[in-house]
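Same order as they appear, the protein sequences are chains A and B.
The first sequence runs 1 to 280 under the working numbering.
The second sequence runs 281 to 583 under the working numbering.
No wet-lab data here; the hints were simulated from the structure.
Be a bit skeptical, because a hint or two may be false.
[Said to hold, decoys possible] 25 Å max Cα-Cα, derived SDA-like pairs, lysine to any residue:
1) A/Lys-10 / B/Val-373
2) B/Lys-338 / B/Tyr-357
3) B/Lys-438 / A/Thr-19
4) A/Lys-10 / B/Arg-384
5) A/Lys-103 / B/Asn-295
6) B/Lys-438 / A/Val-24
7) A/Lys-167 / A/Ala-96
This is what each chain is made of:
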Amino acid sequence: MIRDTTLGSKLWAAAIWATVGFFVINLFAMIATVVTSSFATRWLGTWLPAGWTTRWYSSAWSEFQLWDVLIVTFQVIGAVVLISGTLGVTAAYALARRDFPGKRLLVLLFLLPLLIPSMTFGIPLATVLYRTGLAGTFWGVVAANLVPTVPFVILVMIPFIEQIDPKIEAAARVFGANTFKLFVYVLLPLLLPGILAALLLVLVRTIAMFELTFLVAGPTSQTLVVALYYAVFAAGVRAVQSIDAMAVIYMVTTLVWLIIALRFVNPTQIVTRAKQQPAH
Amino acid sequence: MDAVAHAPAAEHGPNLRQRLAARGFDAVTLLVVPAAIFSLLLFVYPFAFGFVLSFEPKGGGDWLANYRRFFSDPFLYKTIANTLWLAIPVTLVNLLLAVPIAFRVRLMRRQRLLTTILVLPITLGTVLVAEGLLNYLGPQGWFNRTLLTFGLISQPLKLVHNYWGVFASLVITGFPFTFLLTLSYVTGIDPALEQAAATLGASAWQRFRHVYLPLLMPGFAITFCLSFVQAFSVFPSAVLLGEPAGVTRVISIAAATAAFEEYDYSMASSIAMIMGFVQLAIVVAVLASRGLFYRGPASGAKG
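When you get a sec, could you build the whole thing from the sequences and use the hints?
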């Protein structure tokens, strides 16, 4: 490690930390604004609100039917996590263990939904789902959310499975384990940390997945983030504090899972999605 | 299974099953089939369907009618310029901020706290950031209030419901993404290379310019592409924080309007195809220019 001690480099370092500090302060101030506003009785033209109250939470809870929305949200997430886990882990196992013609093409097929923004493929997908009558239903929302999550699980799990020595599986075979026993007693315990990490990341991403849910959800199949969007979109109809209370509920839902996820994964995994591709 | 597959065939030569297994197709390979079918049904098929549908205009007319309408109606074709005018500056700002910060953070021992803080806006998502910024950057928000208190401005800046609101939201969600990607590329380079350059008397700027930059250029190109496509498909913050009928009428808004207000899925698919095409064109241009830079091992070798 090289440490420069000239004045210029010290100024440069100070400027960089000032930029980081500015970003982080604004980020926290933005979050604090939402939280403060949700507890405010009246907040106009002052630094802090005139008084504090918790009634916006109960009014948001009934106005936006948050109980129904939360139930739908968790049902969607549960279904997405289970299905993408099942489809993703099995496919990742095959891709990690076997080399076959067309494998590169298949990996590309799984990579594309992660690289193409959801708004671009979401519109044709929504069109197909409306034609088949799935859009607006619970399963339509689940299907749309699975499009990026199944490839995500596959790409996270491939390096994880590759690092497990195939000799362990061979040994289990020698001792007469069938495929089911091999999976339950050998592979599952070894893969569990990886599966857990991948599924927690899927969970956090699905709570915040706005575009795809927005494009296919109907009135009874909205998740929390889409309900929040419509509330902000129709601002003026409801009190600002009520919308902010809903935003805080959304934040708490997301952050609880983020904190759990961060116990198992490195924060950079949320962004870099999978083992880094070589840069060339 | 493998042992059976690779065993020399008995008398009659290998049967079909053994020959397939030798090429890598056996029961384990079949595990990939459900996910592949799923991907074909929900990703490839809709894309192909949308592509075909975009040539079948709802209101009749010949097969190119949708595209002709898009490129002759300024309300529609201007969305491309609007989106580029947001996405390219935002991506450049994010990348130019991320690179020096990543170089500084790479020297830190406890990076986890910073990376955790930066992951927050990504996890919270664009809708929440838009809602927060609406209050925070508004005329009565804390941001303007602080600037007024310090006497930096005499009246509140207009930062929401215009270009700058969307710009700010794209920086808040896009910068952490760009930064974490950049950091993973920067930390992937062997510090021994920099030490060697320093031993030979290179200054900090020379080490960056002649050692790191050539090695990192391919990584930066990929980071630029990924950040750009994210910014190009901006949707919720352009509606909530911007001026969705004016300067921030981005291409996603045009597509969503066609689909959900005019119920013209054919037109919406055409707009989605144009959107995909513009993204692809920029990505290909950036990746093609990558060929001009060094490509090779990024680790030091003894010898």
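Hey, B/Lys-438 versus A/Thr-19, does the alpha-carbon distance stay inside 25 Å? holds, 22 Å
B/Lys-438 paired with A/Val-24 [C-alpha distance capped at 25 Å]: Roughly 22 Å separates the two Cα atoms, so the pair holds.
**Prompt:** Within a Cα-Cα threshold of 25 Å, do A/Lys-10 and B/Val-373 meet the stated pairing?
**Reply:** Satisfied, since the Cα-Cα distance of roughly 23 Å is no more than 25 Å.
Quick one, are A/Lys-10 and B/Arg-384 close enough, alpha carbons at most 25 Å?
holds, 12 Å
Practice item. Would you mind confirming whether the straight-line C-alpha gap from B/Lys-338 to B/Tyr-357 stays at or under 25 Å? Key: holds, 19 Å
ask   = Taken at face value, is the distance from the CA of B/Asn-295 to the CA of A/Lys-103 at most 25 Å?
value = This hinted pair holds, its Cα atoms lying about 23 Å apart.
- Item | Pair hint A/Lys-167 and A/Ala-96, alpha-carbon separation not exceeding 25 Å | holds, 14 Å
Checked against the numbered hints given earlier, this structure breaks none of them.
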